[in-house]
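Asker: Once you've looked at the hints, dock chain L against the given chain Y.
Residue numbers (this note's numbering), protein chains in the order written: chain Y, 15 to 126; chain L, 49 to 160.
Among the clues, some could well be false.
As the list claims (entries may be wrong) - Using 27 Å as the maximum straight-line C-alpha spacing, the simulated DSS-like pairs for lysine-lysine come out as follows: (1) L:Lys147 / L:Lys119; (2) Y:Lys25 / L:Lys85; (3) Y:Lys25 / L:Lys90; (4) L:Lys105 / L:Lys116; (5) Y:Lys67 / Y:Lys84; (6) L:Lys105 / L:Lys119; (7) L:Lys85 / L:Lys119; (8) Y:Lys71 / L:Lys85; (9) Y:Lys71 / L:Lys90; (10) L:Lys90 / L:Lys147; (11) L:Lys147 / Y:Lys84; (12) L:Lys70 / L:Lys106; (13) L:Lys106 / L:Lys116; (14) L:Lys116 / L:Lys70; (15) L:Lys147 / L:Lys85; (16) Y:Lys71 / L:Lys147; (17) L:Lys147 / Y:Lys67; (18) L:Lys116 / L:Lys147; (19) Y:Lys25 / Y:Lys71.
Just so you know, the hints here were simulated from the structure itself, not pulled from any lab data.
Below, each chain spelled out in residue letters.
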Amino acid sequence: DAGITQSPRHKVTETGTPVTLRCHQTENHRYMYWYRQDPGHGLRLIHYSYGVKDTDKGEVSDGYSVSRSKTEDFLLTLESATSSQTSVYFCATFGGEGDTQYFGPGTRLTVL
Amino acid sequence: GENVEQHPSTLSVQEGDSAVIKCTYSDSASNYFPWYKQELGKRPQLIIDIRSNVGEKKDQRIAVTLNKTAKHFSLHITETQPEDSAVYFCAGDFFGNEKLTFGTGTRLTIIP
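Isolated chain Y (complex conformation):
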């Protein structure tokens, strides 16, 4: 599992509230990613990071921001949550013995 944890694992919030999801890794991997997973759409990249303070947008970045102040932590923020952001969010890292991508356990977010 490449030592990836996500918090919280479940969250219910209301439209218009800010939400921050945290991803923490213990493997010192350089690359980190945030995906959302919705039925019929597979895994879609929101933002990714290729180093501390180095981030870039993915294919569905509108309404999301990220920050990476330490190698081990990658934060995803929804500044003002909307119902369309109800989803399962996965964090991932790239590296390790297999030189491949590993996923965290996921966060189920519901925006009412």
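Answerer: Positioned in the frame of chain Y, the structure of chain L alone reads:
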């Protein structure tokens, strides 16, 4: 960006039979093609991957084939078992920067 088409979207096979899932891509080159398995409520987990310098790779009942000329790669599962029931995702590293593009997934059901 690169699109990865994955077929079929659903697949049901009798226990003991083989299952084949195919992915095609169009424009970009990739040197790395992983396959992930996701059980209900769990994270995607790598089951096998292939790099562009080989045409086939096997790991027990699972094999992946790659045809770079035709731009398609396939997952083959032989002697299927009930625990093979899951959603399978193909992916490719089309941008060469450890950023994977995923197919939309195949829901495989093994009928006992």
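Asker: Which hints, by number, does the structure contradict?
Answerer: none
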